[in-house]
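Residues are numbered in the numbering used here as their position in the sequence shown, beginning at 1, plus a constant of 319.
None of these hints come from the bench; they were simulated from the model. Heads up, some of the hints might be wrong.
[Unchecked claim] Here are the simulated lysine to any residue pairs, SDA-like style, with alpha carbons at most 20 Å apart: (1) Lys511 with Leu334; (2) Lys806 with Tyr623; (3) Lys397 with Leu541.
[As the list claims (entries may be wrong)] The following label-pair restraints were derived from C-beta to C-beta distances: (4) Leu485 with Gln524: 13 to 23 Å; (5) Asp658 with Pro740: 42 to 52 Å; (6) Trp521 with Gly654: 39 to 49 Å.
All figures in this text were calculated on a predicted structure; none of them were measured in a lab. Where a beta carbon is used, it is the ideal one built from N, C-alpha and C, also for glycine.
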Amino acid sequence: MLKKIITNTFSNYLLRLINILLNLIAIPVLIGTVGEEAFGLLILANLVVGYFHAFDFGLPAAITKYVAEFSAKQDEEKVNQVINSSLFVFTVAGFVVCSLIFLFVGFDGLSLLNISQSHYASAKNLFYIAGVFAIIAWPRLVLEGAFRGLQNFQKLNFTLGCGRILAIGLAMLLAIYSHPLPLIFVAYNIDKLVGAVWQFVWLKQEIPFWSVRFITVKFDVLKWMFNFSLWLMLGKLAVMLEYESDQLIIGAALPVVMITVYSVIVYPFRMIQQISGLSATAIMPAVSETHAVNGREGVDRFIYKGARYHNTLLAFVAVMGVFLAGPFIRLWMGGRYQDYVWIAQLACFFQLLWQSNAFLGEVCTGIGNSKKPGLVAITTGVINISLSIWWVNLFGLSGVIWGTIVAGILGVFMYYYVVFPDLHVPRLNYLSTVVIKGQWPVWFGGLLIVPFWRNIQVIETWQGFVFAAVVLSLLVSVLIFIFGIDKVEKSVIIKKMRTLQSVNLLCLITCVLKR
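Make a model of the complete structure from these sequences and hints.
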């Protein structure tokens, strides 16, 4: 089980690394070729399809949970019913979403946004294309959920990674040669079509007994899936209200160009959020499988040990983000966004608190406890959107960030008081043995680095940035090893490293002897 979790987590991080590298290359190229407003429209059009995913009834997570659970019980009939019933619902949903987008654009809904007249016609075409892609994107969610339930993240992430490389590479090529914006948008999303076909073929290989048959669509199966997943939909809505809504609020209250500024500034913040989420995503199906076989006894190690190490990782990337966000944005995009760097640094620091319960949220989902986390999430989202709408008119772009931060802090406190009693986890014990114990070595490392703050912020070359990142990472990693890892775990790590060194030495000797 541990090997499977580590492999899946590594696969998730590899995919994220590919996406980060692609975005680092693509964003400056696209902004430089199509312009800031046109790039903002590309983001908005993509965002609309993502918005509707918030209304997926939480079924992708339910698919993952129940495919994992019934696969562990070797119940082939139930696996078939879960996948095919979900495919039916999501195919219908794709056409409904497409129709809604067409109606929205047809009734001139885009006039609600601050889009210049020169880009208005292109914007309408982008949204029409986004509607067509929704027909493909929705059923693909089922295939992805099934792969996660089978805990075969390697194949899933391979299709996602290759598809993204194809899509972004093609979009940049078309942008460089000044092709129309709608064509660039088609290229940017072509991975949805390619990935859907590829995942369908590979899923058939993974579970040969599965076949798409309407006769296996069972509404009673959907009913008990909905009973579990509807509360997860609140979590999806919360994500929409906490993050994606920011860009729509900016588009309505400020010029669309500011969406591009926002996307650049919060990029380090998004990376931390995604790294945190990826490390937790592989846990949910593993928790579901363990809970189905061993009950509550097998879950405690996820709650305490797993969440502690997740907090260590979270603190590491958040502190690195605070120190390195400034030089990173300047080197990546030039000096035009320098006035907003403080927002990026503040957002990275905020993640220390905001993501501290992310791992625990996946554990809750894995054991079927989704109601109260969903209610907390949706309440947090409503607070965020209310504050953001209010403060964007008072403080501009920074008001949206402040709304997210304040709502997030309130959400963490609500989580402690509403969710923890159902998990039978003592709050103070969790705070001290998981959050503080997991994060404090990194806090200590950050305090040691503070005297060098000015030196880090004036780095002017990528070589200097990489050198600083490596030195800071090594310093914090040593502190984590000394203070953040238990004695038993240290001895296991040292033993593994010695074994690895012995194997490498043996390989070297073998190569020399062969010569």
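For each hint, the structure was consulted:
| no. | hint | result |
| --- | --- | --- |
| 1 | Lys511 with Leu334 | 16 Å, holds |
| 2 | Lys806 with Tyr623 | 16 Å, holds |
| 3 | Lys397 with Leu541 | 11 Å, holds |
| 4 | Leu485 with Gln524: 13 to 23 Å | 21 Å, holds |
| 5 | Asp658 with Pro740: 42 to 52 Å | 45 Å, holds |
| 6 | Trp521 with Gly654: 39 to 49 Å | 46 Å, holds |
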